[in-house]
Amino acid sequence: MSRLEGKCLCGAVTLSFEPLKDALGACHCEMCRRWTGSAFLEIDAKPGSLTHEGPVKSFASSDWAERAWCDACGTTLWYHLTLPGHDYYSISAGLVDDAGGLELTTEIYIDVKPAGYAFAGEHETKTKAEVEAGFAAFVEGTKP
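So for the sequence shown, the UniProt record's numbering puts the first residue at 1; every next one is plus one.
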């Protein structure tokens, strides 16, 4: 897949990346809902492919991740796994025109999403316990 380009609401931050796969994901965890005001719709970036310019700020939201935004307009930019040896970025799909033309393939934290949220179509879902077991494996270093 070719590189995608995006920008924040005010245009001060621009970015470019290669998607890891042809897919959108949605996270319904409490932190993502508070951070975005809804579900976090994201595109996973191929490791090493993200480049960006502009006033980016970030917040360490857990022991293993940070969330970034444009310091000029506040637009949500990405979720970044900060564990040593990992280069994982989930880029906000709203930064890219037409979300890169990608389709939703996965929803995580499905069991804690608000009852009024619903995405159309069939796709993979993971519960809070399933997702957090995967993160625990990353933190413990048992997953590549």
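Don't read these hints as lab results, they were simulated from the structure. Incorrect hints may have been included.
What the hints assert, rightly or not - Just the calculated beta-carbon pair ranges, DEER-fashion:
| no. | residue 1 | residue 2 | range |
| --- | --- | --- | --- |
| 1 | H86 | T51 | 33 to 39 Å |
| 2 | P84 | S2 | 28 to 34 Å |
| 3 | S2 | D63 | 32 to 38 Å |
What the hints assert, rightly or not - With a Cα cut of at most 30 Å, we get these calculated BS3-like pairs of lysine-lysine:
| no. | residue 1 | residue 2 |
| --- | --- | --- |
| 4 | K113 | K7 |
| 5 | K113 | K21 |
| 6 | K21 | K126 |
| 7 | K46 | K128 |
| 8 | K21 | K128 |
| 9 | K46 | K113 |
| 10 | K7 | K21 |
| 11 | K57 | K46 |
| 12 | K57 | K113 |
| 13 | K7 | K57 |
| 14 | K7 | K46 |
| 15 | K46 | K21 |
| 16 | K128 | K57 |
Note that the structure is predicted; figures quoted are calculated from it, not measured. Even for Gly, the Cβ is constructed at its ideal location relative to N, Cα and C.
Going through the hints against the structure:
Distance hint check: the CB atoms of H86 and T51 are about 18 Å apart, inconsistent with the given range 33 to 39 Å. The supplied range of 28 to 34 Å is met by P84 and S2, whose beta-carbon atoms lie about 30 Å from each other. The given range of 32 to 38 Å is respected by S2 and D63, whose C-beta atoms sit roughly 35 Å from each other. Of the supplied pair hints, the one linking K113 and K7 holds, its CA atoms being roughly 27 Å apart against a limit of 30 Å.
Note on K113 and K21: the hinted pairing holds, with a Cα-Cα distance of about 24 Å set against a maximum of 30 Å. Between K21 and K126 the alpha-carbon distance is near 18 Å, which keeps this suggested pair within the 30 Å criterion. A threshold of 30 Å between alpha carbons decides the hint, and for K46 with K128 the separation of about 24 Å falls inside it, so the pair holds. For the proposed pair K21 and K128, the alpha carbon gap of about 23 Å is at most 30 Å, so the pair holds.
Distance hint between K46 and K113 is fulfilled; the C-alpha atoms sit about 27 Å from each other, no more than 30 Å. Of the pairs offered as hints, the one joining K7 and K21 holds, with about 20 Å between alpha carbons and a cut-off of 30 Å not exceeded. Straight-line distance between C-alpha atoms of K57 and K46 comes to about 21 Å, which keeps the hinted pair within the 30 Å bound. Restraint check for K57 and K113: the C-alpha separation of about 27 Å stays at or below 30 Å, so the hint holds.
Under the criterion of a C-alpha separation no larger than 30 Å, the hint pairing K7 with K57 is consistent with the structure, at around 15 Å. Using a Cα cut-off of 30 Å, the hinted pair K7 and K46 holds, with the two alpha carbons roughly 18 Å apart. Restraint check for K46 and K21: satisfied, since their Cα atoms lie roughly 8 Å apart, inside the 30 Å limit. Note on K128 and K57: the hinted pairing holds, with a Cα-Cα distance of about 27 Å set against a maximum of 30 Å.
Hint compliance for this structure: hint 1 is the single one not met.
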